[in-house]
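Just so it is clear: in the sequence shown, position 13 is 13 by our numbering, and no numbers are missing.
Hint data in this document are derived by calculation from the structure and do not stem from the laboratory. Note that the structure is predicted; figures quoted are calculated from it, not measured. Possibly wrong hints are sitting among the right ones.
Derived Cβ-Cβ restraints for the label pairs, each shown as a range [stated by the list, open to error]:
| # | residue 1 | residue 2 | range |
| --- | --- | --- | --- |
| 1 | Glu55 | Thr89 | 39 to 47 Å |
| 2 | Gly105 | His35 | 18 to 26 Å |
| 3 | Ser51 | Ser90 | 31 to 39 Å |
| 4 | Met31 | Gln121 | 44 to 52 Å |
Glycine included, C-beta positions come from ideal geometry on N, C-alpha and C.
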Amino acid sequence: MSLLKTGFVHGVKWFTPFGFLATYQWWNGSMEGVHNMLVYGGMAFFLGLTSVIYEVRQWSFRKQILIHWITMHVTILPLVIFSGFLPVTSLQDALLVYLKFNMSGLILFSSSYLIQKARRQTKIL
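Please model the entire structure based on the sequences and the hints provided.
Dropping the structure here:
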């Protein structure tokens, strides 16, 4: 299966639970819940879609990281900004959201990298 197809399948799989939760929220009349689940589902979809970046063996690890970072800025960051989860009413707010986005990304990337490295060294999974 091509990487794009694989990424799309991952994205749909990761989105599906949030789609069901959005439907459940809609049945209960909670439009805020629907909105939240669709935003989380969109994030899950894009994370699943882009999960194949690290499977492109022709790219150096540095290039994979750069493409991942750019992709997250094009997909996840707009969802964070337009979701309304973090208020953006000024340039200072926007810069703070951008800083939080990058810091959380750095923490998540670093921790997952260290876990993966430890798993390879101990040959677990």
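Verification of the hints:
1. Glu55 to Thr89: 39 to 47 Å: Holds - the Cβ-Cβ distance for Glu55 and Thr89, about 40 Å, lies within 39 to 47 Å.
2. Gly105 to His35: 18 to 26 Å: 23 Å, holds
3. Ser51 to Ser90: 31 to 39 Å: 34 Å, holds
4. Met31 to Gln121: 44 to 52 Å: Distance hint for Met31, Gln121 holds at roughly 48 Å.
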